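Position chain R against the provided structure of chain S, taking the given hints into account.
Number of protein chains: 2
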Amino acid sequence: MGISVDTFFLKPDGQGTLQAQIQQMIAEGILSGRFHVGEKLPSSRKLAAHLGVSRITVTLAYTELLANDYLTARGRSGYYVSENAPVPPKYTPVRRSTETVDWDRALARRFSDGDVLTKPQDWRDYRYPFIYGQPDRTLFDHANWRLCAVRALGHKDFDSLTGDYVDQDDPLLVEFIARHTLPRRGIAARPEEILITLGAQNALWLTSRILLGHGRKAAIEDPSYYALHELLRCSDATMTALRVDQDGLPPDAIPDDTDVIYTTPSHQCPTTATMPVARRHDLLERARALDAMIVEDDYEFEMAFLGAPSPALKSLDRDGRVIYVGSFSKSLFPGLRLGYMVGSEAFIREARALRSLVFRHPPGHIQRTAAYFLSLGHYDAQIRRMSKALLQRRQTMEEAIERHGLTVAGRGVFGGSSMWMRAPDHVDTAELARQLQKQGVHIEPGAPFFSDPHRPRNFYRLGYSSISSDRIPDGIARIAEAIQAS
Amino acid sequence: MGISVDTFFLKPDGQGTLQAQIQQMIAEGILSGRFHVGEKLPSSRKLAAHLGVSRITVTLAYTELLANDYLTARGRSGYYVSENAPVPPKYTPVRRSTETVDWDRALARRFSDGDVLTKPQDWRDYRYPFIYGQPDRTLFDHANWRLCAVRALGHKDFDSLTGDYVDQDDPLLVEFIARHTLPRRGIAARPEEILITLGAQNALWLTSRILLGHGRKAAIEDPSYYALHELLRCSDATMTALRVDQDGLPPDAIPDDTDVIYTTPSHQCPTTATMPVARRHDLLERARALDAMIVEDDYEFEMAFLGAPSPALKSLDRDGRVIYVGSFSKSLFPGLRLGYMVGSEAFIREARALRSLVFRHPPGHIQRTAAYFLSLGHYDAQIRRMSKALLQRRQTMEEAIERHGLTVAGRGVFGGSSMWMRAPDHVDTAELARQLQKQGVHIEPGAPFFSDPHRPRNFYRLGYSSISSDRIPDGIARIAEAIQAS
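Order-wise, the sequence lines are chains S and R.
Residues in the first sequence are numbered from 1 upward in steps of one, following full-length UniProt numbering.
Residues in the second sequence are numbered from 1 upward in steps of one, following full-length UniProt numbering.
This is chain S alone, in the form it adopts within the complex (with noise of 0.2 Å):
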């Protein structure tokens, strides 16, 4: 029996190339059961006219089946599904009735009640999108990138990448992070003293599970990074939220009974104020007083195209009191989720230990893939093109607000991706990012940034990473008369 060549069609949306989606169908087909062993398959010359492609494609297709045992060819008659090919599902899935379980006993505890900030996922639609922290493809070194990962997955390279190293890192990746990225920011670290976590919110999270729990306070910035508030949330430590003023977080309003300060101190998180030197030391000055750990989050220190960046707080702590985190999230892409922290041996050995029971490590292929794209110097090819085009999309920004009279509340001194926005004090800008969605405008609320109950609710912050200059000023022009009409 014959399978029929209607029973073939491509998706409109199919992804890959026309060959590799003919191989998926009868592959698919095969495995759902809806192919039987012995069944012929349409002739290519069939297939390729039913569908429009050339006959070579559905050779190609076939001939890669057969020499996967999914098809067998007998001679000029033409091919059939294999003896060999694997066998459907034997079960029926029956739907199960009715649950019985009670959740609200079976859970031990709730995560999924937390007050979030959530992006659009058609962001890319919108023609104003000042969005923060996603990729922009036009400026992203694909073609490197695709080499370096073809290379990581090299004959050379696969025992290293597909081995259970338990809780061990890529040292290639290690390596380059402590001779090349951290003396950038004035750290020196042993590889024991280093860990790769999967982004930032990875590194955050080990710290606020090792360093904190119930009876131990954190002092966090406030207004701050929002997935910080549900994380320590979470951790059942006692959490106070500090307000920052233009120098950042003030070292004096610091509570006596302090167990771990949580900074943003070269480029506040969301209002982009730099922590001056000065201020800098009083912050481990108070810390050493208190005999409190501090946990540095220095996102973004590559996009310093306005002026050279600070040395991180890390690079003044004498007693081991900081906490390093960094993340290529900003500088690569967020879906790359690679990170890393810089701390004591002492501390460094328990993060590793934890990570291990939630996940053992990274995966492999993205850490090498990594340390090719740094060692080969992509990475800082990448960062001058991206602070290049960041600095003129700025420029732009600055003059757009500066003809419609918007109030800028935080603008980074050394460069960033984003400026920090204050609305009239009337202005819900929540409110205000709905309305402007309808003319295909994105704007984030500042509110969800904030801890104070009394959260002011006039604030927002406008990405510049994924908008082109050219659509800035018309973008800004249509923020200024959506605040005039509230």
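Bear in mind the hints are in silico, worked out from the structure with no lab data behind them.
Remember, identical chains collapse to one label, so a pair may be satisfied in a single copy or spanning two.
Derived DSS-like pairs (lysine-lysine); straight-line CA-CA distance at most 25 Å:
(1) K119 with K438
(2) K11 with K46
(3) K11 with K40
(4) K119 with K156
Predicted model only: the values in this text are computed from it and were never measured.
Chain R alone, transformed into the frame defined by chain S:
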């Protein structure tokens, strides 16, 4: 001033092409500040002669660095370090003198003092590696994995791979698991009931954090997966270990106040026992009576070369009481770190929120690569290839074990990749393993799998997923000799 050709050398263990190695050493020289702006590079002829490579190789490396603006060319006079080259670190790192932090006080809890089975990093150098759960490079379809990875890095997929999906999974991978993988285990699940995890370890950890905690009680199998003990110890729950018999976990033994039952019904770890269907119904009945949850670790079900595996316990679950954990670590490779869990929507919602808190989501690229590898049929082809090899090894194992009179304590009835062995009572297999190591034989001592304080010390596990058939008889002979001599 010219850079001396003598500062260049190819590392004996250098990886990648010669061109890439040359490019890398120059980029590193610039990034580390050893080479300065305006310095002249050696001529391609000179450097090629010095390194013993072809001149075109050096020229290609220089051209690449030219494109990245690390070098500039000045007519016929040669290549120079570009003015636009990345600036080397400005701050001289200073080593911290003495650390003053009191880590006993600073650490809210310790994770590094667990009792874990460590695998030798150099196991590939063993002549007789009876190691468990490591990839066999001769069986893995490296070429197609690489093609899928390259496809997943294509421009079409770039956005989906690089973006920050916060807590979403790759829809292609989830769909394949729902439509093709789970039906083979008798399980019907909607995408909302599936979560991609960083391996099975990560899935088990998520269950422990959501379902357990202070005041809750877990029941586990004894012996069981050693990392599970550690994971539950860190959950603050009380843990009862129940001795398994030839049919796996005995439901009657589960204490009355149990909240969560961890079990491996398809293939008990490490004894390889398969739980009969009647006992599975008893287990579900017992869990219902206790209103307890069950976590089913369905590892290695793919390696069924001796007979069809039983459907998963989850397939019999009508209450929504079973949380199913699957993994690609054994069938693809552990360094991939990909697994999944299936449960009621109420549970998966919490698991997703917790995962988001801890690391957001598994890296997009590895999810998409796996989705292609699966949907193009390579995965099933690979399983069949592995099963064929494992069947042959298993037969060789059985023959050699029979010939040398070793005692099998458990062998998977449908296949698997290991056998659970018992040495005479007086033999400590940890000591036996040390003895055998000197002869290039790696075996896994059984004690770490037991929770019992009076745990037996005479069991051991023999994996056959990484040892070739022709080495097996000799390896088994050496084990028999060593046991004789004990």
